[in-house]
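Participant: Just so you know, the sequences run in chain order H and L.
Residue numbers are given in numbering that gives the first Met the number 0: position 98 of the first sequence equals residue 97, and the series is strictly consecutive.
Residue numbers are given in numbering that gives the first Met the number 0: position 332 of the second sequence equals residue 331, and the series is strictly consecutive.
The set of hints was computed from the structure by calculation and includes no laboratory data.
Quick caveat, the model's predicted, so the values are computed rather than measured.
Be aware that one or more of the hints could be misleading.
[To be verified] Derived Cβ-Cβ restraints for the label pairs, each shown as a range:
hint, chain 1, residue 1, chain 2, residue 2, range
1, H, 99, L, 25, 38 to 48 Å
2, L, 310, H, 248, 23 to 33 Å
3, H, 349, L, 269, 21 to 31 Å
4, H, 160, L, 347, 46 to 56 Å
5, L, 271, H, 417, 54 to 64 Å
6, H, 370, L, 310, 37 to 47 Å
All residues carry an ideal CB built from backbone N, CA and C; glycine is no exception.
Protein chains: 2
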Amino acid sequence: MVMPMLDDVLYYIEANVENSLSDLKEVLRFPSVAAKGEHMKETAQWVADHLEPLGLKVTLHKTAGPPVVTGILDVGAKRTLLFYDHYDVQPAEPFDLWDSPPFEPTVRDGRLYARGVADNKGDTVSRIWALKAFLETETVLPVNIKFVVEGGEEVGSPDMPEFAKKNKDFLKADGGIWEFGGAGIDGKQEAWLGLKGLLYVQLEVERLKMDAHSAYACILPSAPYQLVWALNSMKDRNGRILIDGFYDDLQPLTDAELKAIAKVDIHKSDVKDHYGIQAYLNDLKDEELKEAYYNAPTCNIAGIGSGWQGMGSKTVLPAKAMAKVDFRLVEDMNPDDIAKKLRKHLDSNGFEDVKMVSSDGYPPGKVPVDHPFVDVVNRANKIVFGHDIVVHPTSPGSGPLYLFTDSVPMVSIGVGDFESRAHSPNESIVIDNYRLAMKRIAVVIDEMSRW
Amino acid sequence: MVMPMLDDVLYYIEANVENSLSDLKEVLRFPSVAAKGEHMKETAQWVADHLEPLGLKVTLHKTAGPPVVTGILDVGAKRTLLFYDHYDVQPAEPFDLWDSPPFEPTVRDGRLYARGVADNKGDTVSRIWALKAFLETETVLPVNIKFVVEGGEEVGSPDMPEFAKKNKDFLKADGGIWEFGGAGIDGKQEAWLGLKGLLYVQLEVERLKMDAHSAYACILPSAPYQLVWALNSMKDRNGRILIDGFYDDLQPLTDAELKAIAKVDIHKSDVKDHYGIQAYLNDLKDEELKEAYYNAPTCNIAGIGSGWQGMGSKTVLPAKAMAKVDFRLVEDMNPDDIAKKLRKHLDSNGFEDVKMVSSDGYPPGKVPVDHPFVDVVNRANKIVFGHDIVVHPTSPGSGPLYLFTDSVPMVSIGVGDFESRAHSPNESIVIDNYRLAMKRIAVVIDEMSRW
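With the sequences and hints as input, model every part of the structure.
Facilitator: Okay, structure coming up:
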């Protein structure tokens, strides 16, 4: 099944795992924390310096924030494969919960530990080395290659909308590999075909010029209670979101998607155990639970704060209250539209004083489950990992995928696994998964030429 | 009107203001912050050392916390006057907002600045020196004197219920002067005849074993939303408290109280300006506003917290949420009873998982506005300050007054004023008010002998 020339490529990858890991460790040592804006230029340069020798035409695109690195290798092939990655990472705090320093890559029991190794420097380096394997073995590269590696993913990709607008043509490709992914809780490889949209708003109420003694609660208005009433008005206890028109653009899952998710095991009991719950939200079960997972929009309190939160009892009537609320959106919902509907909801329910001080988000993005590129990825997975890839029509998470999906069918696969702890202390990958994921990229390149 | 012998006492006070202030500065230098439990014993000893030379029989009562200092001087008079004070103070943080160090008493523009000067070391020392004036001038002391000076008032007087139980007889007196008070916003002296009761509860909800990515809000339950729904169920947007039976024991103000408050100016516009509000709660006006001030129970969110409250947008589904809620109670409401009703309310409305992890409070306490001791205080005030004292049937605040009101009619007057900033940085008193308040105590002693 594996063509002779591909064999050379796979052999090369096998023989160079340590060399690629040494590259990976090098880039992991840059604490390229987007939230702090540190070490961004040198990390972008590292990416450029590792794409250029492979013959790619590399550009560092200036943005308001860190540069976007692009690379293109046009071999005149029929198909083009695009990689979307990011060289920035989440903050590593709290440092004391790490068993080894977050920016000092360390191997323990077959896992490589470091901030960003799963999300997503491990992916980036594995993709660079998969391509390198073709070039080093002088194997004919059967597809054109494009890389888009940004530096602001972990802070919401603020520069990507403008970049995407300016570089419309560059984003055109026949297939794309999105940044993250890997093995599920059962060890099976997974592919994510979409991301939910996101609207993130910060609500603030100020009803007094300064905090008052709580004795005055008998005659003065309360900011935290006003916020509680506003949040209560937004969602009922059955989880129904009460904002007028919120569900107007909600599309049900297609038959193809329903068929796809029927095959997915979402490991109900494991997730229950993990979070220590007796039942899912609203006692959701079986297919309903799956449909909610893939297609339910949400209204979630990510944070709320007012008044005295320390030890003991302070009797205060707080002047201000704040809540951070995030909405997950599914096709065809739009964050700007939902933000407007939320404002209207607050105004028409007597919550004019509940201000939306910030509001940001992404629309959802999704690739059809029956797209031929999904099949290409599955064939590659089967060759390398020996099983059909688990297809999720969408991830319940969010990202700037929508900027790409108009021009390229994007599938998210990667080097991570269920224990990878992206965004948390002791982030890690299984080195063996990394090796196989690198091979899978090579086989995707190969399979794409036969599509 | 002033008897010759009282004149000697008042002259002595006048001549010794600086000496009494030097005592006051001495005790202000002890950072006797009850919340930190520091310097309690030496401050208690200071009080004992300043009562004993006046001929009082002084006892330091051991408690679970700092000692309660009592002193008694029984001259065989018909009437007994009792002082309730406390030698502990609020924390002084944040230090950087003080214009002079909080435990280094400093005079500026006729005011004395230090933590605890208004609440209530200034009162304590003024009362000691008023008594001293009788003794030093060899004026016949016409009443028996008792002092109760505790060290835990600023942390809710946890040891006072047991102390009061053990020392029932000691608390018996014909009149009592409570710890705090002074001039209102218009400069007129005020007397407070009661305190509202308090129930302080900490509510906590935990719905997950650990925080989840907010993408999971589509299938996992939310602790902060459960808390929002619970708080919403407790009070409606008109301020009506919805806990079953909450208002059962509420007593309307008596005719005498209504008559008394008709005379009070609560300085509606000044308070409005102070807090920057357009209207009071529920647009309360005039007599309704006053009745709420003196007699409305409350349900107030003193603090609420869950999830991410820092800068920017973290997409988290928080595992836990917490709220601190305080209820002000009026006669004949009882904190234990209200705590039980709250638990029942939560249980019968599907909020069994909202735990009351702590619950504490005081019943209300009040002295009738037509009690003859109130008239004694008013006569003394008129002699010293030249005007009728403003009588508040109760303060909207709370304290352990209820422990005393069965055995002694307690009236709260003191050395403070509207700008005293008790519990805040730059706490201070007007030295001239201090001088007059000291004289007023002397005249109360004198007037009491004619009751």
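Participant: Hints broken by the structure, by number, lowest first?
Facilitator: Hint 1 is the one this structure does not satisfy, whereas the remaining hints hold.
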